[in-house]
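Engineer: Work the whole structure out from these sequences, hints included.
Chains as they are written, first to last, in our numbering: chain H, 1 to 190; chain L, 1 to 796.
Zero decoy hints are in this set.
Listed below are the simulated BS3-like cross-link pairs for lysine-lysine, each with C-alpha atoms no more than 27 Å apart in a straight line:
1. K725/L - K88/H
2. K112/H - K52/L
3. K83/H - K754/L
4. K112/H - K763/L
5. K58/L - K661/L
6. K661/L - K112/H
7. K83/H - K755/L
8. K112/H - K58/L
9. K112/H - K674/L
Pairwise CB distance ranges, derived in the manner of DEER restraints:
10. Q179/L - E174/H: 50 to 60 Å
11. A431/L - S42/H: 40 to 50 Å
12. R182/H - D397/L: 40 to 50 Å
13. S43/H - K550/L: 47 to 57 Å
14. R492/L - L148/H: 51 to 61 Å
15. R42/L - D63/H: 51 to 61 Å
16. S428/L - R182/H: 23 to 33 Å
17. R492/L - N93/H: 48 to 58 Å
18. H176/L - W57/H: 46 to 56 Å
19. P470/L - E174/H: 24 to 34 Å
20. N93/H - D224/L: 53 to 63 Å
21. W57/H - Q327/L: 40 to 50 Å
22. S42/H - S395/L: 53 to 63 Å
23. P470/L - S43/H: 54 to 64 Å
Per the computed footprint, the stretches of chain L lying under chain H, defined by three or more beta-carbons under 8 Å from a beta-carbon of chain H, are:
24. 61-73
25. 77-87
26. 649-657
27. 725-739
No wet-lab data here; the hints were simulated from the structure.
Cβ atoms here follow ideal geometry from the backbone N, Cα and C, with glycine treated the same way.
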Amino acid sequence: MYSYEDAGGDKMGMEIPFDVANVPGPETGRIAPPEVIGSYISSAKKPLLVVGSELLWADFFLDIAIEIGKKGIPIAATGHSIKGFVEKEYTENVTYYNLHGLTNCLRDPNWKGLDGGGNYDFVIFYGILYYYASQMLSCIKNFATEPLMRAVSIDRYYHPNARMSFTNISPRMEAEYKDMLRKLVVSIKR
Amino acid sequence: MEEIKKGGIFTISELQNVRINIGEIIEEEEEWEPMGPHPMPRIATLRDWDFKLLNRYKPFYAPLCDMCCLCTYGKCDLTGNKKGACGIRMDAQQGRIVLLACLIGCSAHCAHGRHLLHDMIKKFGRDVPIDFGPEVNIEAPLTRLVCGIKPKTIGDYDKVLSYVEEQIVQLADALHTGQEGSHLDFESKALHMGMLDSLSKEAADIIQIACYHMPTSYEGGGPDVPMVDVGMGTIDTTKPVVLVIGHNVPPAADIGAYLVENGLDDKVELGGICCTSIDTTRVYSKAKLVSALGRQLRVLRAGIADVVVIDEQCIRADVLELCQHTQSPIIATNDKAMHGLVDRTDDDPDKIVNDLVSGRVPGVAILEPDQVGEVSVRTALEVDKKRKGLSFILSDDEFKRYVNDCIQCGSCTLACPNGLRIGEANKSAAAGNIKPLADLFDICVGCGRCEQVCKKHIPIVDVVTKAAYPEVKEEKGKMRVGRGPVWDSEIREVGAPLVLGTIPGIIAPIGCGNYPNGTKEVQLIVKEFAERNYIVTLTGCMAIDCALWKDEEGKTVYEQHHGRFDAGGVLNIGSCVSNAHIHGAAIKVAGIFAGRPLRGNYEEIADYIVSRVGACGVAWGAMSQKAASIATGFNRLGVPAVVGPHGVKYRRAFMSRPDRKEDWTLIDATDGSKVYVEPGPQDLLVACETVEEALPMMAKLCIRPSDTDRGRSIKLTHYIDLSLKYLNIYPPDWHLFVRAASDLPIAMRNELLKKLEDEQGWKIDWKMKKIVEGPIRAYNPSFNPTNLERLIRRKK
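Structural biologist: And the structure:
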């Protein structure tokens, strides 16, 4: 329903990555609806929401991040997305971090985390430039394995390097994407 | 005698069966500096230095592909850091791929240098002096530093390039299955390759400067180099046009010489794309820079060239097909890029011109640069007549038809490296608003992948060009001609302010045009730092792209700022090979300002630079393997680099962990004591998602442990101010760089002291306005930082 219906995504029963040649290897992420991803996030012991500059495309997307933040999930604001949180005056559990530097920490099980209480077991990527996010998800998939860090994407792109991801969503389906995000927020139980 | 000079075999006729073999003749060398510890280092010579860097800046890997496909055991699935059939793990495999990228990049620069040397010796002889004028005594900092050689003539580069070539082969061997298995050793080898890359670039540029009398410190050089025209609107298409593409200037130089000798310099346009165009303007004053790499496809499609002359590197692989479409004959001038064309070197020029003009052949290869000028110009003069009236810009009707044909399927977006929403822009254009399409022109990286997947066969690149054409045809900027080496006298002036920090840093925009959001951001980077009194030294595509944009007064950044290597300067150093002079400037700071010996002394100088010279490269559109080896060469010398978001596809970064105290302990060379220091520079290679994030990051990466309090306060001012301006926050880590109240910007001192007290829990003596407790270390103006125990002067 949400895929680029004319782009060939479902012809072989496989989703195509948003950057069509970004096929990493044998292990690729599963496409899941918002309720399933929300439930998966709910199973995390210590999740982190990692957001990027595309969050600033519309207030709605920023508000979704804030709603997730208000559920007690801390936010790492990468790129220049922090600007939006400052303007919205929501900075309580939001920390600026360069995404490269953050992922460098996430891959280390001994990292103390943003709160000093230890590394995370689950990361949610949201609002990040596609190819940058894809590479950081690749690092997590390949090197944050002991203990396993689970990573999902709730962007409008299919991310094969995430364990779970939405499918590619056309700009024509903006309303549906927003609806998916709303459902996701509702389904996160903390 | 000539034979004996060069070495060789000869017999003495009176003596039977006696043959004397004379090898290399070594002339008595001028005593210029005692030889340092590491002349012509081999693979493992500087491994200890590399491991010091790699311990602090641990390699970070983000695989682009989870498999290895290099041998018949494979494909092997390495996901999750598994081992392949040969035993290699994912991390080592990534190091191996990085080494391969650096190998390709370094080979391009070294082979370019060798090609130049070969051609120049043939044309001018081995004894062309390396004389860059009265202001440049350290003519070849990298050659002195790495090889221990002070080159006097271009012939001296034979030995330098032979050294690089031998090392390249040894390093390539390490890539074979069943060789290296440690990711750290792969990275040490990549760093070695990066250093060789920088040496090769210096060799190539010095050879061409010496032979073609490119600007140096003689009259009209350095800060006084003239401006040249930049942009797609600078070419007068009513005249015959020769377009050169690539990196190797001799064929283009021959075209310029032919035009002048035959009085055609006002009748024929000579324009260029990429580094050949930069170097052509260093030898022929009427040459024009049509574009950087990112617009190659669009310039060729626009059909402005009557003849296209290609040499080497960064040429589109489909250049022949593109030129056939616009009926522009092509001349390949380098055996590394012959594109299937017949080699017509030494053939009768009349016959070649006739074949090209008649269209009997789409192009030819001419591998002697001195034969290219006549053939290309004569061909352009004739082809221009035949091509008059042809237009390759879409008509209004064609444009309308194509934008209406678009079904917004999204296939082009999935194929686009930047994920551009082309369908939406088409839809808007079909409804009468072409602005969204026109705006894509600058953001598009010009690859053409979109067209191949378009179900309606829309020539998307042409549609976008058409939308932007009213602006594109008027695009005319100004850029300084590449000036080559930074002068020793300039280093004498700025050495102290740079090391003390009162000039906050050198920002070096380098490399290709794979930008995330167009060329405008290049201008923003240059403008922002030049206005803050950093020294901005540009090379390659970024040097061209920043000249496309003007301020309200109609001036480019080159026209707004002086060209001296001094605070607020905007310097075009030259083409990609010229960026060796940026290494050179940092090396000269150590040699001239600090009096450190350079000869064969790489480790000590890199140690000096990483702790004291606030320089930061930025490759905002890094794309090629050359960019990988360039950045890695900067890194080994202790210079950090920021890359744009596409740079994460290089798979590897070098980032530190400021929270790991054990990684940030330096030695005070004065007494050997260990000092825990602030993280400066925090990273050696890091990507930023947006330019807003990159600007404060670059300012941060100019911070060094040696900064004086005044220098640190200036650097902190810019770091904090850029962060407030573009991120709307105080940087979360600014306090790490504060050693004393005097490090704080004066205008903000009270406010910042309060923040330190409230947010970090530091103890402040408000009467004295002093920090009592909190910083990582106290400010010590006599701190003499080093990573090398051998440099300790007197142990405690």
